[in-house]
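J.: Residue numbering for the sequence shown follows this note's numbering, starting at 2 and increasing by one per position.
Treat the hints loosely; a few may be bogus.
What the hints assert, rightly or not - Heads up, simulated PhoX-like pairs for lysine-lysine below, C-alpha to C-alpha not over 20 Å straight-line:
#: 1; residue 1: LYS161; residue 2: LYS175
#: 2; residue 1: LYS86; residue 2: LYS97
#: 3; residue 1: LYS688; residue 2: LYS727
Treat the hints as calculated values from the structure; they're not laboratory data.
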Amino acid sequence: MEHMVNQITASNWQNVLESLCSPMDGSILFKIFHEVLMNQLVESNETSRMVGFCLSDKLNRSCLEKWMSINLKKYNSSKSSIESKRYRELGNEKFKTGDDRTSLELYSKSVCAAPFKSEEFPLALANRSAALFRLQLFKECLQDVDLALKNGYPKNLRHKLLLRKGKLLLTWKKCKQALEVFKEAERRWPPKEKKNSAIFDELMKAKQCAADSDFPPDDERIEPLPRVKKGESPSLRNMSAALDLKVTEEKGRYIVANTDINEGDILFVEKPYAFVVLPNNSDTDGGHNYCHNCCTDVIAPIPCQSCVTAIYCSEACCKAAWDKFHQWECGGLELFYSVGIAHLGLRVTLVSNSEDHAEHYELMKSLVSHIHDMDRRDLYQYALTASLLALFLQQKGYYSANKYEMTEVGGQIMLHICQLTCNGHAITKFVKHSSPFEDMVGIESPGGERAATAIYPSASMMNHSCEPNIINSFYNEHLIVRAMKRIPKGGEVFNCYGPHYLRMNAKERKKCLKEQYFFDCECQHCRDGNKSELLAKFTAMLCVQCNGPLVPNNIKFGICAECKNKASITELSAKLAEADKLYDQGIASLEAGNAADAISTLLKCLPLLESSVFKYNKRLRECKDALSKSFSILNNFSESRKYLEECIPVVEKQFGEKSIEVGYEYVKLLSVYLSEAKHCENKKMKKKLEDECIRVGMKGQRIFELFYGPWDAECKNITDQVNTLKSLEDWGSKSRK
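Work out the full structure: start from the sequences and follow the hints.
T.: Dropping the structure here:
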């Protein structure tokens, strides 16, 4: 058996599961599980017995324990002073060259690697604070300075760190506090270093500035959580009192409006029962990092005191996470990343057992699991995964500390895994690009990044429609649900579980919903088979008879969706092939930085596309997008604007007038208008362009506010630009009177 265990465990987790489900590897347990015991267990949903059944088999248990041991050693998450010092010195090299961003990343690695209470920890924090100061990230800088001072920063160096802290406070106009810090820095300054010292001279000037200033301190702007319409419902926490929770045998639980709902009304504001940050968003390699406790963006991560993997936005979040769940997960996060959604199942279990969640846990526990609908092979794999996580908790001493049985906790984990496969929710965050044109031809996936996976029990009560009437956005970890359109009194509130009628055809949507959620969608778009041609329009060729969408039904012929004319597509296909070739050449020139050559090539491509594809074909839109970007690079903003404005109706048609894709088009258009207005010398024309900036900006602002909320960085940026233009317009009007 030992040889078999070694063979099975020398692989990734999914391959281990496949092996344990295969009779070829000598395990007959799955066969027994499937044919005899499983049917009885599913009837009673006894997930604890399923896990116990898996753990009772020697081969299973040996494989799980061996695989866990191998991977915990492989993904060693312990701290290292040597590694911390190495990263800090690399950061110093980058800092000296002025590469502040890279130095920040390296200093963050140093902070995370440093053993807590070691001398490397405060040194790494202090060095990172210098990079943060130069990047004008003052809030994070102050946090690092205070943490370095609190955690044993060398006394002979403290005066310089105090100078930095005083300058930070002065930046915020907190003059009295700054003056006290400067005085302490002066007291600590070594007498020998006071003479002929530029840094000491800087301290004295800053001290005098603080003493002479009498500004009111800047207010720290903290956006409050929005409130639901009409207050919270007495029947379901986190839900608006404008909604009711209904139950029928046919539909199960669902949400209806008890009053008229307007576009933008807030219907749910819900903190997740639990969430886990995705693995690519919890490192320090220059990507986006999110706090493991509140999911806020983290610029300067505060690490767990024991492992290098878990990161937080503050000491407070670090402690809160430790108390709730991380004390039991510490050292195992890299292993948990291998098991996917099961990690969230573990997190839900730990949160549920950490304190009194009785009222809220009842709703969590009542979410559908579809255990009786699931494939038996999938269920067996879920039971094995829950068994692995239960064994990990045993190794951490969880059961002796909390007086739980391993099979009981394993069964709890398995139940939540099953629930999460059909109730899990992605937390998505807007990712701001350096240029609004950065994703010019990648419009299908604009700006959104999956930050974490979460469970929101109250919002899970909404049923699915392929055309939802709500939109989800996030404020850190909180889910904000807004009405996307008017919902009349008595109307049902619909979420979209993923398959959307504007992004997937009916056949694919039905298959996806049936396989993952175990129901047949009966929304209008799924019932109306004639609408299946909608998506085809965006890849259709041109009907020469009526200019409608000619949809190919084989390699030689196509049928027009409007006039039903059957026509040969041979000649059109040849034109399209030539256009595609020119388009690729144009994009290559653009990426190489040769905008003039790109324009020349794309202008040859455009007429070929216009004579061969339907007006809403995405190839045509992408060509115009690329032309707009190229003209913008050459400061020909009027031409750039012309092509971009031709794209917007196509994007509206494909994704909807209020879609985030249209919002991004308005961001690009606003950028072009602002640049054109800036370079315009004709006062009358300049005023006209500024008015257009306001009009376009307000359209983009409304969409971004609907999707991401007023606290979103891009929404704030657009709002600030619009308000600045409006104030200039008001000032101009007053000065002319």
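J.: A separate judgement is required for each hint: does it hold in the structure or not?
T.: Each hint, compared with the structure:
no.: 1; hint: LYS161 to LYS175; in the structure: holds (19 Å)
no.: 2; hint: LYS86 to LYS97; in the structure: holds (17 Å)
no.: 3; hint: LYS688 to LYS727; in the structure: holds (11 Å)
Going through the hint list in order, the structure satisfies each hint without exception.
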